[in-house]
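Engineer: Sequence:
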Amino acid sequence: MKQKVNYLATFTNGILKENPVLRLVLGCCPVLAITTAVFNGIGMGAAATFVLICSNVVISLLRKVIPSGVRLPCYIVIIASFVTLVSMIVKAYVPALDESLGVFLPLITVNCIILGRAEMFASKNGVFASALDGLGMGIGFTLALVLMSAIREILGAGQFFGLQILPESVQPMSIMILPPGGFFVFGILMALAVFIERKTGKPLPKNAGCAACPAGENCPGNRDEEAEEVGK
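Counting from 1, position 188 in the sequence shown corresponds to residue 359 in the numbering used here; the numbering is continuous, with no gaps.
To be clear, the hints were calculated from the coordinates, so they are not data collected in a lab. Idealized CB from N, CA, C, for every residue including glycine. A few of these clues could be false.
[Claimed, not checked] Beta-carbon label-pair distances, calculated as ranges:
| id | residue 1 | residue 2 | range |
| --- | --- | --- | --- |
| 1 | Ile367 | Val265 | 28 to 36 Å |
| 2 | Met361 | Leu278 | 32 to 40 Å |
| 3 | Leu256 | Lys235 | 18 to 26 Å |
| 4 | Ile237 | Leu349 | 39 to 47 Å |
| 5 | Leu232 | Ala180 | 18 to 26 Å |
| 6 | Leu349 | Leu278 | 19 to 27 Å |
| 7 | Pro351 | Leu243 | 32 to 40 Å |
| 8 | Ile359 | Pro338 | 36 to 44 Å |
| 9 | Pro266 | Gly358 | 47 to 55 Å |
| 10 | Cys200 | Ala267 | 16 to 24 Å |
| 11 | Thr255 | Ile213 | 29 to 37 Å |
Using the sequences plus the hints, can you model the full thing?
Structural biologist: Put into structure tokens, the structure is as follows:
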């Protein structure tokens, strides 16, 4: 008997309960690298959300056609196609964003959030549910990016979305727009997300970090750990 999908839970999971950045700790490289300005965060979040929704829909449509042995290469080809489309649109219409995001825009192709949702959800569920999952995860990813960007831009540059909001007499903390500041804000927001989840009485997600990666079973590090366990 086919299990009924809770569409509301599917959509809302990615916003906080299974936020891909703050709870599952996925896609951290672009989060730490480009969150020096809100403009960057919104741009990256919108691009990733578009790719998430489109790739989830296509993979869900083809889930019974794609052979299991080559599913990951097929997923990457599908994702890369949408990333290429996004990159072309951004280069043509928002060149400033393309310059700001740099290499991290095409690297959406190998973002673990997108590949992870393809493997863990879209390949097992229908089109509508997969689209909702992609939208929810995209919104959660965007919210994390914008929140980090806002904190770092205000404290590090005294600006918000390029507009000066702190008086000139206040010296910004320039470290906040440097890598150490990114790690500091990231850690604070992760702790806040965990605190909120514990207060609501909801359990932490079991799949986090490398455990949530669809290529985890093929990871050399995981194979080494399994070999050590067998040798004991």
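Engineer: Going through the numbered hints above, which ones does this structure break? Give me the numbers in ascending order.
Structural biologist: Hints 2, 8, 9 and 11 are the ones this structure does not satisfy, whereas the remaining hints hold.
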